[in-house]
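Chemist: So the chains spell out like this:
Protein chains: 2
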Amino acid sequence: MKKAVILVSGGLDSSTVLAMVREQGFEIYALSFNYAQNHLVEIEKIKQFIKPYNVKKHKVINLDLSAFNSSALIADDVDVPKYENAADVGDNIPVTYVPARNTIFLSYALGYAEMIGANDIFIGAHVTDAANYPDCRVEYLESFEKMANLATKAAVEGSKVSITAPLIQMSKSDIVAAGMKLGVDYSNTISCYDPTSDGKSCGKCHACLVRLQAFENNKQTDPIIYV
Amino acid sequence: MKKAVILVSGGLDSSTVLAMVREQGFEIYALSFNYAQNHLVEIEKIKQFIKPYNVKKHKVINLDLSAFNSSALIADDVDVPKYENAADVGDNIPVTYVPARNTIFLSYALGYAEMIGANDIFIGAHVTDAANYPDCRVEYLESFEKMANLATKAAVEGSKVSITAPLIQMSKSDIVAAGMKLGVDYSNTISCYDPTSDGKSCGKCHACLVRLQAFENNKQTDPIIYV
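Going down the list, the sequences are from chains A and B. Position one of the first sequence corresponds to residue 49 (the working numbering), numbered consecutively onward. Position one of the second sequence corresponds to residue 49 (the working numbering), numbered consecutively onward.
The shape of chain A in the complex, shown without the other chains (with noise of 0.2 Å):
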């Protein structure tokens, strides 16, 4: 069985992704990082959405980001803002934003494929993100996936490695609608980048407002427990 590395989040797109590799027969190696973000939360959802899928390993990475403490992901001083919908973001890069964060992410997604033999890497980035995060881009990605096919001993001895993102060409309701068909459970996912401590997402940041609209698209109610 071929197998996957995974970076699972523990939000809607990266769940997704989940089931979708899990569908075409990979065997799955999952990939969170505890990186002391705000919304820890996440690292627990992932662990109970996961159960059902098999996963071979689930491994959670320890992340050291206390040098890049100005996103609002991770300071304590710095608000995640808030809108009254989704457009009020505008193209802006906004203060969620972390130094790098997806090429730590996916650096060590590559160096846990080689060590576990696998030559396929899946993330959940897309379009809809890509406005904002410039590490969400199909140009950053092809990039990286040319870096990574120099990097590793692996590579250098024939072991190409792949760097997928299947849902990067689709809305966020594309992807609602597509984890809906594979019977994904989104009651066990979050995506809100300020949840209270109990796990209850804030429906007003900019995570909380396209999660919500795109629920609404596919005239399906988000399972997740709103404040």
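Where hints are given, some of them may not hold.
Put simply, identical chains are the same to the list, so a pair is met inside one copy or across any two.
In silico DSBU-like cross-links for lysine-lysine, where the CA-CA straight-line distance does not exceed 35 Å [claimed, not checked]:
#1 194 to 107
#2 252 to 50
#3 99 to 194
#4 130 to 201
#5 130 to 99
#6 51 to 99
#7 208 to 252
#8 208 to 248
#9 267 to 95
#10 248 to 99
#11 267 to 208
#12 252 to 201
#13 208 to 130
For the record, the hints were derived by calculation from the structure and aren't laboratory data.
Use these hints to put chain B onto chain A, whose structure you have.
Modeler: Chain B alone, transformed into the frame defined by chain A:
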């Protein structure tokens, strides 16, 4: 003053790079990694080494590489190989290889550079190592730089980053010669993959043999202590 992020390991190479970059007048932000390597004494060495260099900040990042435990640099049950002389190593990638290590190191450096507004990242990679480590080659470093300039908010907004390996074409002997000219105090560096707990070098691993040969070629005595 232009800012530079320098990856410093406590070894001979990156210590020489620090002296070179200081000479060029950069404001220096040094970045080291504690990845529970068996040769962790190098972190203590670098703290001593940097003292005279007016380093603006020195960050030691805790790196969780437990998922990659096959390397002799990390694992307790894989021995660092010992040789009679450096030529015995050959061109194979040795068990001291750590999957994606420089990619992870450079990814952190990229995030840190963005955080502090630096456009220059320096790394001590060079051709002597390139035969054995894929992530020390010119084509790898160039590819990483391309990826880096698609990865960050800073780059997207026009503030490009350079990955510079000033030693890249130099032999170990050339590096020692260059460091000597700059007054580098090599007594506060260590290269050994398998030092004793009190910081003595083994003299028999690849890193030690290459280092000793470099001092000998320069008709110098290596000032560190060997068992």
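Chemist: Hint by hint, say whether it matches the structure.
Modeler: Status of the hints after comparison with the structure:
| no. | hint | result |
| --- | --- | --- |
| 1 | 194 to 107 | both (25 Å within a copy, 29 Å between copies) |
| 2 | 252 to 50 | neither (40 Å within a copy, 40 Å between copies) |
| 3 | 99 to 194 | within (33 Å within a copy, 39 Å between copies) |
| 4 | 130 to 201 | between (45 Å within a copy, 21 Å between copies) |
| 5 | 130 to 99 | within (33 Å within a copy, 45 Å between copies) |
| 6 | 51 to 99 | within (18 Å within a copy, 47 Å between copies) |
| 7 | 208 to 252 | between (42 Å within a copy, 34 Å between copies) |
| 8 | 208 to 248 | neither (41 Å within a copy, 40 Å between copies) |
| 9 | 267 to 95 | within (28 Å within a copy, 59 Å between copies) |
| 10 | 248 to 99 | within (21 Å within a copy, 48 Å between copies) |
| 11 | 267 to 208 | neither (42 Å within a copy, 44 Å between copies) |
| 12 | 252 to 201 | between (46 Å within a copy, 24 Å between copies) |
| 13 | 208 to 130 | between (42 Å within a copy, 31 Å between copies) |
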